[in-house]
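Asker: Take the sequence shown: its letter number 28 is residue 28 in the numbering used here, and every next letter is one higher.
These are computed hints drawn from the structure, not numbers from a lab.
Do not rely on the hints blindly, as some may be mistaken.
[To be verified] Taking lysine to aspartate or glutamate and the EDC-like style, the derived pairs with C-alpha atoms no more than 20 Å apart in a straight line are:
| # | residue 1 | residue 2 |
| --- | --- | --- |
| 1 | Lys50 | Asp32 |
| 2 | Lys124 | Asp146 |
| 3 | Lys124 | Glu107 |
[Said to hold, decoys possible] Using C-beta positions, here's what the derived DEER-type ranges look like:
| # | residue 1 | residue 2 | range |
| --- | --- | --- | --- |
| 4 | Gly117 | Thr145 | 24 to 32 Å |
| 5 | Arg59 | Ser26 | 29 to 37 Å |
| 6 | Ala132 | Phe30 | 20 to 28 Å |
| 7 | Gly99 | Gln41 | 29 to 37 Å |
| 8 | Val62 | Gly125 | 20 to 28 Å |
| 9 | Phe30 | Asp60 | 25 to 33 Å |
| 10 | Ala35 | Ile83 | 15 to 23 Å |
| 11 | Asn134 | Asp32 | 27 to 35 Å |
| 12 | Glu34 | Ser104 | 32 to 40 Å |
| 13 | Val91 | Phe30 | 39 to 47 Å |
| 14 | Ala35 | Val136 | 15 to 23 Å |
| 15 | Ala111 | Ser26 | 36 to 44 Å |
Keep in mind the model is a prediction, meaning the values are calculated, not measured.
A virtual CB, placed ideally from N, CA and C, is assigned to each residue, including glycine.
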Amino acid sequence: MKKSIFWPLLICTLAGPLQSETASGSEVVFIDHEAMTAAFQVGQRLVANKNYNVSASRRDQVGTAEIHDNVTDIFYFISGTAIFVTGGSLVDSRQTGPGEWRGSSSEGGIARSVASGDMIVVPKGTTHWFSAVNGVIQYYIIKVTD
1 MKKSIFWPLL
11 ICTLAGPLQS
21 ETASGSEVVF
31 IDHEAMTAAF
41 QVGQRLVANK
51 NYNVSASRRD
61 QVGTAEIHDN
71 VTDIFYFISG
81 TAIFVTGGSL
91 VDSRQTGPGE
101 WRGSSSEGGI
111 ARSVASGDMI
121 VVPKGTTHWF
131 SAVNGVIQYY
141 IIKVTD
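Modelling step: build the complete structure from the supplied sequences, incorporating the hints.
Answerer: The structure is reproduced here in structure tokens:
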């Protein structure tokens, strides 16, 4: 199967109804291309349950650096380019929720250029952030909870 269609098919297999509805994980669901296109225009959660959260994400600016104590993030980039930093430590670290930490940036991490077709798996406990975004970047993000 071509890489360009593998991830959207996987997402459709895992995903459920749009608008942040919770899925049991036991039903087969389908999200058509028009709904997916609309989701990427604004960036929105596609489906979530206690084990995972799948979102169509859109970013046009740098965000905050973050660490999740109990969540692994899987990013699959579908359009645009950015610099994505992993590892290192948070600058101005603050806890924003149970097991969730944010900072203004990170120090000492590895910066990678990301573009369409790239994937990054960020294990729980690993600092990560977009340090630069060139225009608009669109990506799937799958959050897997321990």
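Asker: For each hint, tell me whether it holds in the structure or not.
Answerer: Going down the list of hints, with the structure as the test:
1. Lys50 x Asp32: 24 Å, violated
2. Lys124 x Asp146: 9 Å, holds
3. Lys124 x Glu107: Satisfied, since the Cα-Cα distance of roughly 18 Å is no more than 20 Å.
4. Gly117 x Thr145: 24 to 32 Å: 26 Å, holds
5. Arg59 x Ser26: 29 to 37 Å: Roughly 32 Å apart at Cβ, these two residues keep to the hinted range, so it holds.
6. Ala132 x Phe30: 20 to 28 Å: Check failed, 35 Å falls outside 20 to 28 Å.
7. Gly99 x Gln41: 29 to 37 Å: Because 30 Å falls inside the window, the suggested range holds.
8. Val62 x Gly125: 20 to 28 Å: 22 Å, holds
9. Phe30 x Asp60: 25 to 33 Å: 29 Å Cβ-Cβ, so the 25 to 33 Å window holds.
10. Ala35 x Ile83: 15 to 23 Å: 30 Å, violated
11. Asn134 x Asp32: 27 to 35 Å: 30 Å, holds
12. Glu34 x Ser104: 32 to 40 Å: 38 Å, holds
13. Val91 x Phe30: 39 to 47 Å: About 42 Å separates the Cβ atoms of valine 91 and phenylalanine 30, which means 39 to 47 Å holds.
14. Ala35 x Val136: 15 to 23 Å: 19 Å, holds
15. Ala111 x Ser26: 36 to 44 Å: 40 Å, holds
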